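A.B. asks: One letter stands for each residue in the lines below.
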Amino acid sequence: MKFDIIGKKYWFFLLSAVIIIPGLLSIVFQGFNLGIDFTGGTLLDLKFARAVTVSEVREALKEHQLENSTIQLAVSDQIETSQNVFIRTPELSDDTRRVVLSDMEKKLGTFDTLRVEKVGAVIGSELTKNAIIAVVIAWVGMIAYISYRFEFKFAVAGILAIVHDVFLVLGVFSLLHKEIDASFVAAILTIIGYSINDTIVIFDRIRENLKTHKKTESFNELVNRSIWQTMTRSIYTVLTVVVATAALYIFGGETTKNFSLALLIGFMSGAYSSIFNASPIWVTWKEYEERKRIALKTSGSK
Amino acid sequence: MRWGNITKFLAVVFVILIASGYYMSPLATSIKQGLDLQGGTHVVLEAVDTPEAKVDEDAVQRVVKIIEKRVNEIGLTEPIIQRQGERRIIVELPGVKEPEKAIEMLGKTALLEFQDDSGATVMTGKDLKDAKAEIGQNKNNVVALEFSDDGAKLFADLTTKNVGKHISILLDKKVLTSPVVNEPIPSGKAIITGSKSIEEAQNLAILLRSGSLPVKVDVLEMRTVGPTLGQDSKEKSVVAFSIGIGAIVLFMLFFYRLAGFVATVTLVLYVMLLLLALKMLNATLTLPGIAGIILSIGMAVDANVLIFERFKEEYRAGKTLRAAMDAGFSRAFATILDSNLTTLISAAVLFFLGTGSVKGFAITLGVGIILSMFTAITITKILLKMLMHTNVFKNGKIFGA
Numbered sequence: 001m002k003f004d005i006i007g008k009k010y011w012f013f014l015l016s017a018v019i020i021i022p023g024l025l026s027i028v029f030q031g032f033n034l035g036i037d038f039t040g041g042t043l044l045d046l047k048f049a050r051a052v053t054v055s056e057v058r059e060a061l062k063e064h065q066l067e068n069s070t071i072q073l074a075v076s077d078q079i080e081t082s083q084n085v086f087i088r089t090p091e092l093s094d095d096t097r098r099v100v101l102s103d104m105e106k107k108l109g110t111f112d113t114l115r116v117e118k119v120g121a122v123i124g125s126e127l128t129k130n131a132i133i134a135v136v137i138a139w140v141g142m143i144a145y146i147s148y149r150f151e152f153k154f155a156v157a158g159i160l161a162i163v164h165d166v167f168l169v170l171g172v173f174s175l176l177h178k179e180i181d182a183s184f185v186a187a188i189l190t191i192i193g194y195s196i197n198d199t200i201v202i203f204d205r206i207r208e209n210l211k212t213h214k215k216t217e218s219f220n221e222l223v224n225r226s227i228w229q230t231m232t233r234s235i236y237t238v239l240t241v242v243v244a245t246a247a248l249y250i251f252g253g254e255t256t257k258n259f260s261l262a263l264l265i266g267f268m269s270g271a272y273s274s275i276f277n278a279s280p281i282w283v284t285w286k287e288y289e290e291r292k293r294i295a296l297k298t299s300g301s302k
Numbered sequence: 001m002r003w004g005n006i007t008k009f010l011a012v013v014f015v016i017l018i019a020s021g022y023y024m025s026p027l028a029t030s031i032k033q034g035l036d037l038q039g040g041t042h043v044v045l046e047a048v049d050t051p052e053a054k055v056d057e058d059a060v061q062r063v064v065k066i067i068e069k070r071v072n073e074i075g076l077t078e079p080i081i082q083r084q085g086e087r088r089i090i091v092e093l094p095g096v097k098e099p100e101k102a103i104e105m106l107g108k109t110a111l112l113e114f115q116d117d118s119g120a121t122v123m124t125g126k127d128l129k130d131a132k133a134e135i136g137q138n139k140n141n142v143v144a145l146e147f148s149d150d151g152a153k154l155f156a157d158l159t160t161k162n163v164g165k166h167i168s169i170l171l172d173k174k175v176l177t178s179p180v181v182n183e184p185i186p187s188g189k190a191i192i193t194g195s196k197s198i199e200e201a202q203n204l205a206i207l208l209r210s211g212s213l214p215v216k217v218d219v220l221e222m223r224t225v226g227p228t229l230g231q232d233s234k235e236k237s238v239v240a241f242s243i244g245i246g247a248i249v250l251f252m253l254f255f256y257r258l259a260g261f262v263a264t265v266t267l268v269l270y271v272m273l274l275l276l277a278l279k280m281l282n283a284t285l286t287l288p289g290i291a292g293i294i295l296s297i298g299m300a301v302d303a304n305v306l307i308f309e310r311f312k313e314e315y316r317a318g319k320t321l322r323a324a325m326d327a328g329f330s331r332a333f334a335t336i337l338d339s340n341l342t343t344l345i346s347a348a349v350l351f352f353l354g355t356g357s358v359k360g361f362a363i364t365l366g367v368g369i370i371l372s373m374f375t376a377i378t379i380t381k382i383l384l385k386m387l388m389h390t391n392v393f394k395n396g397k398i399f400g401a
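Protein chains in written order, with this note's numbering: chain A, 1 to 302; chain B, 1 to 401.
No lab work stands behind these hints: they were computed from the structure.
None of the values given here were measured: they were computed from a predicted structure.
Just to be clear, a hint being listed does not mean it is correct.
What the hints assert, rightly or not - Cβ pair distances, simulated, as ranges:
(1) K279(B) to V136(A): 40 to 46 Å
(2) I18(B) to M268(A): 37 to 43 Å
(3) L337(B) to K215(A): 42 to 48 Å
(4) N182(B) to R58(A): 57 to 63 Å
Unchecked claim - Lysine-lysine pairs mimicking DSBU-like chemistry, simulated, CA-CA at most 30 Å apart:
(5) K292(A) to K215(A)
(6) K101(B) to K107(A)
(7) K129(A) to K216(B)
(8) K173(B) to K54(B)
(9) K97(B) to K106(A)
(10) K47(A) to K54(B)
(11) K234(B) to K101(B)
(12) K97(B) to K214(A)
(13) K257(A) to K385(B)
(14) K173(B) to K234(B)
(15) K236(B) to K257(A)
(16) K178(A) to K359(B)
(17) K312(B) to K211(A)
(18) K65(B) to K54(B)
(19) K178(A) to K236(B)
(20) K97(B) to K107(A)
(21) K2(A) to K397(B)
To be verified - Facing chain A, from chain B, some residues (calculated, C-beta under 7 Å):
(22) S118
(23) V122
(24) L287
Built from N, CA and C at the ideal position, the CB exists for glycine as well.
My request is simple: use the sequences and hints to build the entire structure.
C.D. replies: Structure (structure tokens):
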């Protein structure tokens, strides 16, 4: 006998809650480390000829009243100096930026400018607005399609699984204080796409099994059977995308690190929620309806 | 009959692999690369209202034209100048060496004015025919102006009326030079002195030649990726991409053996077709775009995994190889269609609502999903059928069952 996933569904719901709640608390109390794509501002990505420390860079910025800028070393694993430094300041005019850069060169030695970005605050708020609109429209589209091909209950269960994945990734990024930029939005939308794709495959099996469904088999048993029938595929598929994304995370450049990290967490969460949340939610709802129907019948016959 | 089928199968596989080995790399490098991969500057300009000049459709169109002219005059290669929405203009300058200077020139209004002694504007940049940077008589850097016919008359008139007095030449309301007129100048020529270097004189000449912007333009967004970082990202992405694909291929071969080999061949074909499609769509490949490709490859593999798993199930339930394979394809098809269409919905939303890199991601993902349905289902099916018709392989094990 295979392991009874549906029978233990409340334990899996609890596990999800335990994983997600710390992240949610962090979102509420600590918020996000939003990049200039959202807040507007200037980003300088410099590679100095010699390794520098954060406090050296901060000291050099003091003269320009920019000592409260976010300063990060590219290699942050307990190493206190690095040649590569990211500096995030409020939006600087072109002239100010030139002055700050030439002053830094005087104080800290020569550097190669890897990246300079300036984003107006208008663009930042537009990005947030557009991202939310995109997610809402994508959800409406998915609910419509799934309701049409399956049923509304499947659509809701699928979307709840997605909400699980999105909150998990958002929570982890808040907890780790990882920077959120425009590519993070793309990552979230990818995760949504993957998670629903993964969920649909299991729903599809449930739908197929429902056609030959015998009265002797409970919904619990049927869904359990469907999940196990698709289990090998679920594992293989998440393995391939995780391997491909992990390759991007480990071997890819600095600019894709956060993007691939978000995908990595999201894909694993997506695979988990498809198996342990989406179908169990559907069963719970289905059984609740069943009980209500029976209760109505019995009360009606009295 | 069966040797015929084997030859056919090998021939198709051979053609796919050879063609890919030969064309893959030139095809991949011929696709336009985003600034994040090759280095360069991305600028978003916005036309804004001022009390003097309100923004309208005509003004924005003229701004685009003038900026195009300036970019070309500066001599930048492969620039992209694009209108976005009502008031925005995106300028992409690949490989520009001194982005600061280029940006400064793009957004400059460059309104040239000639004022008489009393400060009344008599002529503007519109009366110019040409402007060139030159080294003047005293080895100083000057911009030589040549007026149009009407301009020459106006200038002759201006100098005649102001002999012994100051006239001023202003750029964006700042006085460039304010010489005393010694005698009337009927030749239609004049010079502007005061440029600190020949480059400064050249830049001024470019601005004057391309004309002044009809409205004020602000820099909303500016992103510059240095060539070192671009090259680094590109190389690392290629490595990551190769390792990812390599792992997937090993995985398919290990779990599905001969069927896995067929899937690998179609995967190679899929990557080729995807590159070809991107090339034909004239898409720009960015880092998020590469991520989109990786995800779509994952989904192509998923389609094959679904088919093969279903085949294994049917085969174990007692069907013959061919019947099991047919059932595997037809049952898995419905699943693949529903799951991929749902993902396609989000790719489509991203395409229509997203901008820049998000759009690039949506294009590769969307095109990838559509192509992968074709290769992972149709082509895999054709190749596997050929193999099965050879009657050589009778044991399900060799197909991973």
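A.B. asks: Hints first: check each against the structure and report whether it holds.
C.D. replies: Status of each hint after checking the structure:
1. K279(B) to V136(A): 40 to 46 Å: Cβ of K279(B) to Cβ of V136(A): about 34 Å, so the range 40 to 46 Å is violated.
2. I18(B) to M268(A): 37 to 43 Å: Once the Cβ atoms are compared, 38 Å apart, the range 37 to 43 Å for M268(A) and I18(B) holds.
3. L337(B) to K215(A): 42 to 48 Å: violated (30 Å)
4. N182(B) to R58(A): 57 to 63 Å: holds (58 Å)
5. K292(A) to K215(A): holds (18 Å)
6. K101(B) to K107(A): Within the cut-off at roughly 24 Å; holds.
7. K129(A) to K216(B): holds (26 Å)
8. K173(B) to K54(B): holds (18 Å)
9. K97(B) to K106(A): holds (22 Å)
10. K47(A) to K54(B): With Cα atoms ~43 Å apart, K47(A) and K54(B) exceed 30 Å; violated.
11. K234(B) to K101(B): Status holds; Cα separation ~26 Å.
12. K97(B) to K214(A): Violated, at about 72 Å.
13. K257(A) to K385(B): Given that 30 Å is the threshold and the Cα spacing comes to 42 Å, the pair is violated.
14. K173(B) to K234(B): violated (45 Å)
15. K236(B) to K257(A): Within the cut-off at roughly 11 Å; holds.
16. K178(A) to K359(B): This hinted pair holds, its Cα atoms lying about 24 Å apart.
17. K312(B) to K211(A): holds (21 Å)
18. K65(B) to K54(B): holds (18 Å)
19. K178(A) to K236(B): Judged against 30 Å, a Cα distance of about 21 Å means the pair holds.
20. K97(B) to K107(A): Judged against 30 Å, a Cα distance of about 24 Å means the pair holds.
21. K2(A) to K397(B): holds (24 Å)
22. S118: violated (33 Å)
23. V122: Interface hint status for V122(B): violated (32 Å vs cutoff 7 Å).
24. L287: Holds, about 5 Å.
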